[in-house]
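Engineer: Sequence:
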Amino acid sequence: MVVEMETGVPWVMCKEDDAPDLMINTCNGFYCHKFTPNRPYKPMIWTKAWSGWFTEFGGPIHKRPVQDLAFTTARFIKHAMQIRKRIYD
1 MVVEMETGVP
11 WVMCKEDDAP
21 DLMINTCNGF
31 YCHKFTPNRP
41 YKPMIWTKAW
51 SGWFTEFGGP
61 IHKRPVQDLA
71 FTTARFIKHA
81 MQIRKRIYD
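Numbering (full-length UniProt numbering), first residue to last: 1 to 89.
Derived by calculation from the structure, the hints in this document are not laboratory data. Misleading hints may appear alongside valid ones.
Computed cross-link-like contacts, EDC-like style, restricted to lysine to aspartate or glutamate with a CA-CA straight-line distance of at most 20 Å [claimed, not checked]:
1) Lys42 <-> Asp68
2) Lys42 <-> Glu56
3) Lys34 <-> Glu56
4) Lys42 <-> Glu6
5) Lys34 <-> Glu6
6) Lys48 <-> Asp68
7) Lys42 <-> Asp18
Quick list of simulated restraints, FRET-style, between CB atoms [unchecked claim]:
8) Pro60 <-> Glu4: 25 to 33 Å
9) Trp53 <-> Lys78: 39 to 47 Å
10) Glu6 <-> Ala74: 36 to 44 Å
Beta carbons are placed, not taken as given, at the ideal position from N, Cα and C, and that holds for glycine.
All chains, please: the whole structure from these sequences, using the hints.
Structural biologist: See below:
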């Protein structure tokens with residue numbers, strides 16, 4: 001449906017390894033340091049770095065330790081820089 005719209009603008013899709021060429025697949029999860037785009041010329045994007053999430057009313061409150069979020073963000077950036085270096089070297 002999106003491809004048929006012919007907008008000329010890239011669309012972002014979370015967790016779609018088989019996304020059409022017009023779309024940019026992105027990582028959406030806790031750990032994205034091993035994520036790779038579905039095409040080598042597309043950017044590496046992490047759409048949601050979850051620090052917590054919704055629960056049902058009255059349920060436990062889920063929180064992610066800030067240390068884990070910082071560590072995995074650093075790993076994602078390191079991995080993204082390695083991919084970029086390989087593409088542009």
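Engineer: Each hint needs a verdict: does it hold in this structure or not?
Structural biologist: Structure-based check of all given hints:
1. Lys42 <-> Asp68: The hint is violated at about 27 Å.
2. Lys42 <-> Glu56: violated, 37 Å
3. Lys34 <-> Glu56: violated, 31 Å
4. Lys42 <-> Glu6: holds, 19 Å
5. Lys34 <-> Glu6: Answer violated: Lys34 to Glu6 is near 31 Å, above 20 Å.
6. Lys48 <-> Asp68: Roughly 14 Å separates the two Cα atoms, so the pair holds.
7. Lys42 <-> Asp18: Given pair Lys42, Asp18 holds - Cα atoms ~13 Å apart, limit 20 Å.
8. Pro60 <-> Glu4: 25 to 33 Å: violated, 44 Å
9. Trp53 <-> Lys78: 39 to 47 Å: For Lys78 against Trp53, whose Cβ atoms are near 25 Å apart, the range 39 to 47 Å is violated.
10. Glu6 <-> Ala74: 36 to 44 Å: holds, 39 Å
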